[in-house]
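Q: Chain by chain, the residues:
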Amino acid sequence: MALRSSVTRRTLTLGLNSTMLLPLSRSLQTFSLPDLPYDYGALEPAISGEIMQLHHQKHHQTYITNYNKALEQLHEAIQKGDSSTVVKLQSAIKFNGGGHVNHSIFWKNLAPIREGGGEPPKASLGWAIDTHFGSLESLIQKMNAEGAALQGSGWVWLGVNKELKKLVIETTPNQDPLVTKGPHLVPLLGVDVWEHAYYLQYKNVRPDYLKNIWKVINWKYASEVYEKECA
Amino acid sequence: MAATTSMVTSLTFTIPSLGFRLPTRSYPCVKPQRRFVRKAASNVITATYELKAPPYPLNALEPHMSRETLEYHWGKHHRTYVENLNKQVVGTDLEGLSLEDIIIVTYNKGDILPAFNNAAQAWNHDFFWESMKPGGGGKPSGDLLDLIERDFGSFERFIEEFKSAAATQFGSGWAWLAYKANRIDVENAVNPWPSEKDKKLVIVKSPNAMNPLVWDYFPLLTIDVWEHAYYLDFQNQRPDYISVFMEKLVSWETVNTRLEKAKARAAEREMEEERRRKEEEEGKPTNEEDDDDDLEMYVDNDNDDSEAE
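Just so you know, the sequences run in chain order A and B.
At position 63 of the first sequence (counting the first as 1) the number is 1205 in this note's numbering, and the numbers step up by one without a gap.
At position 38 of the second sequence (counting the first as 1) the number is 551 in this note's numbering, and the numbers step up by one without a gap.
One chain only, chain B, in its complex shape (with noise of 0.2 Å):
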């Protein structure tokens, strides 16, 4: 059908400078901006990454993550993939993208290129990092805990979920909670009758460095659970570490203003839809007297002259 096919290619452009074809339909920030990184007390832009420190002191999660957890996860571990990101962009295509554009233009649907481990890396780092806090844990409230319990039944059910996944990644990879919004997982299919309902908490695994950017999630929480995030402050028993996690570093407000961001981001993008849908149709000259006219025709004059039989 003319009226779809012309949604779609719409929907998809080509960068002239890149050469690799961002869906915008499939992510919603997608823009060819480049990621400014602001040095303190300097107007020097630079298109290279930079190792962003965590938003407290190293010593700061002790005793439930030790200081010299975060000298090597941080200092050696976080710094090597920003390092390597950063000696594998220079003079490409992926210089001065963002971040997360990197991610999914390496994600590359599947058939993974290979800056895309540095770069999914670094950035799960950076949101672990902004995940925690020194005197962490509780219980959400408001917005949150309402998905919580309306998407998991109850806030331990939630936890019990979370740390199940994070327990049952086998070998290296992530647990999330993330924000699942309003599609079918059909390629290109849209909800014809989006409600609230639709979109929705979901608790999800990943191996590796793989984050739900990907597929499309908005993340609000992540526990790394690499041997390496707890190996010297647990050894082998990652259960506990994530127990300790939850009861005593997670940011809840941090994961509550992501949700905000997130419902908007995701409200923002209906509109565009929908605004996108009603250009369409609009962008269409059909005469008022054949509105009856089940025949689709892309009429090119306002003439009263249809050629509907």
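Next comes chain A alone, as it looks inside the complex (with noise of 0.2 Å):
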């Protein structure tokens, strides 16, 4: 008696709770364009609006969408146990998994003037950088010309590596995630250094634009990240 009813109990909770009808089905997570804290416009001069909403709404925007296509796609592959998928999506992910980890903290990266945006790191931050590279200025130099020198798409990143406490300027190509160029990077700052960042103002010139952008670099979230990483 005592079993039929606990069976019983079980079969309608296996009715009424769909996940349990596949097992391997995990709901899959999808990813949304995180909203900017500051408005397009709120970069100019350094930053066009015009480029702020193609590079936010559209660019990142499609990172994100295909990211998810090809989670999805994974997803499907892992369970049907088809590796010759699951391999052949491994580039859609990192190109797009990529661009959107890259973005997401890209747009953290900047700010406008009146919040922050281009004042120099104190703290912690700036005594490493001082001492690692002599002065801000010297990282800034040292920084653009790996960023102007950078064949065709790509960021340049200043990082730490949380291992060694030690600052690192890093290019990365494509959309390669700074932590490619070595497990232990965490990425403080990055500049991104794809045309789409900087044709519709720039042009071809882009060293103006790296000269340009660091009036918007927020240094205190590049900060918090370096305390945390360093505490």
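Since the hints were made in silico from the structure, they are not lab data.
Nothing here was measured: the structure is a model prediction, and the numbers come from that model.
Keep in mind that the hints are not guaranteed to be accurate.
[Claimed, not checked] DSSO-like, lysine-lysine: derived pairs with alpha carbons at most 27 Å apart:
#1 A:LYS1284 with B:LYS600
#2 A:LYS1345 with B:LYS646
#3 B:LYS646 with B:LYS565
#4 B:LYS791 with B:LYS774
#5 A:LYS1230 with B:LYS713
#6 B:LYS713 with B:LYS693
#7 A:LYS1345 with B:LYS600
#8 A:LYS1323 with B:LYS622
#9 A:LYS1345 with A:LYS1250
#10 A:LYS1353 with A:LYS1323
#11 A:LYS1345 with B:LYS589
#12 B:LYS589 with A:LYS1353
#13 A:LYS1230 with B:LYS693
#14 B:LYS676 with A:LYS1345
Bring the two chains, given one by one in their own frames, into a single complex with the hints.
A: Below, the structure written as structure tokens:
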């Protein structure tokens, strides 16, 4: 008797709880476009509102859309045990997922001047920069040189090696996140040097874009991340 | 085997002044010839590379590709590649080589040398401007269309594949239609029974400055998918740019001309290799009676005596 009723109860539960019917299918997290903490035009004249809007609403959104799509296909392929497809999807995931990761950091790396954009870093990050690079100007010069020399599309990063507690400057191609250059690297600041990041305003003169972007770099965020990793 | 090794060594040679070895087997036109730039109405021969103008005025591709785009893309980007190339090449062993030769040499079998980027981009852009024309688009005909239908199933399928390659070249780069001539993709291996079917059209995509010359293909058509090629006119809409390029800009006449040249060069190369192979065999004096010997001997006189056992 007791057995039967418990079986019945379990059956009812099974019927009501649909996830039990498909034990492998946990709901897949989908990603969505994060809001910008400032208006599109708020970074002018360093970066035009037109660029900010396209960059956020079109480019970043497309990465997210395609990332979600690739993840869904990956999910299906894993369930079916379709290894060829799992492997085939890796480049789309790296590219679109990387695009989402990188741009999410980038929006936080920027701030309008009246909200602290361009204000030099103080405290521990300021010290670390002076120690490692001599001065903030020297860091900026080095990053700009790397950014200008990057062939094609990519990013230039200020990162911290969280094991060694050391600052690093790195570049990554296409949408490769900083972690592809070293598993202990944490991005503090990324500058997007894809042409879409500056073309409408600066055309082919990438060095001018690099010179001007520092006016709206949000060092507060970079400091927070640095302190968290190097507390 | 003596025959094979000597064949390989005879096909590469060192140009003393260069210090670079140019493998003639892997590239059809490698000769240490100077690239003579003909200046209009001038007899001055210079070894620097000049920015060649597109074969149409800068506004001729409107409304599909704006004058503004041409002004920046050709007038700034392309010009910068050429200027920087000249700066890199002057006074070095590369000076005086043709652009194609510089590309092969600086590609250096993948261990890329500094001038590669500018040289390849200079070449790629020349090739790109010439791939387009005002009132372009439509459909190819004749041999070209036949080959397309043979190698892709149909013209529509070709278009689909080409557009897809162009759209999925992540980051900066190019998509190409190329003529892949008769080879096996194994170093130094030669297809023992070459046939017309081994020569085929392929679609390839390449990142940044890379182009199919370095893979020993004959490029026929290209589309530039660096963002600077389409951003002013299409912003992020790369697929729209690609469609417009295919429907309104492609110069099928140029592609056809290139295909004819490619076929001719492939045939030429085949004959060269045949000739070399025959020379090798004839250069080795063998006795008629010893033809049945399966021991391959290099006998250095025409004596009847052979050391075969």
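Q: Would you mind marking each hint as holding or not holding in the structure?
A: So, going through the hints one by one against the coordinates:
Distance check on the hinted pair: A:LYS1284 and B:LYS600 sit about 23 Å apart at the alpha-carbon level, within 27 Å; holds. Distance restraint check for A:LYS1345 and B:LYS646: the Cα-Cα separation of roughly 24 Å lies within the 27 Å cut-off, and the hinted pair is therefore satisfied. Taken as a hint, the B:LYS646 and B:LYS565 pair is honoured in the structure, with Cα atoms around 15 Å apart against an allowance of 27 Å. Among the hinted pairs, B:LYS791 with B:LYS774 is consistent with the structure: their alpha-carbon atoms are about 26 Å apart, no more than 27 Å.
Under the criterion of a C-alpha separation no larger than 27 Å, the hint pairing A:LYS1230 with B:LYS713 is consistent with the structure, at around 26 Å. With a C-alpha separation of about 5 Å, the suggested pair B:LYS713 and B:LYS693 falls inside the 27 Å cut-off, and the hint holds. Distance hint between A:LYS1345 and B:LYS600 is fulfilled; the C-alpha atoms sit about 23 Å from each other, no more than 27 Å. Distance hint between A:LYS1323 and B:LYS622 is fulfilled; the C-alpha atoms sit about 25 Å from each other, no more than 27 Å.
Of the supplied pair hints, the one linking A:LYS1345 and A:LYS1250 holds, its CA atoms being roughly 24 Å apart against a limit of 27 Å. With a CA separation close to 25 Å, the supplied pair A:LYS1353 and A:LYS1323 stays within the 27 Å bound. The straight-line distance between the Cα atoms of A:LYS1345 and B:LYS589 is roughly 9 Å, inside the 27 Å bound, and the hint therefore holds. As the CA atoms of B:LYS589 and A:LYS1353 are separated by approximately 20 Å, the hinted pair is consistent with the 27 Å bound.
For the hint linking A:LYS1230 to B:LYS693, the alpha-carbon distance of about 25 Å falls within 27 Å, and the restraint holds. For the suggested pair B:LYS676 and A:LYS1345, the alpha carbons sit about 26 Å apart, so the restraint of at most 27 Å is met.
Checked against the numbered hints above, the structure breaks none of them.
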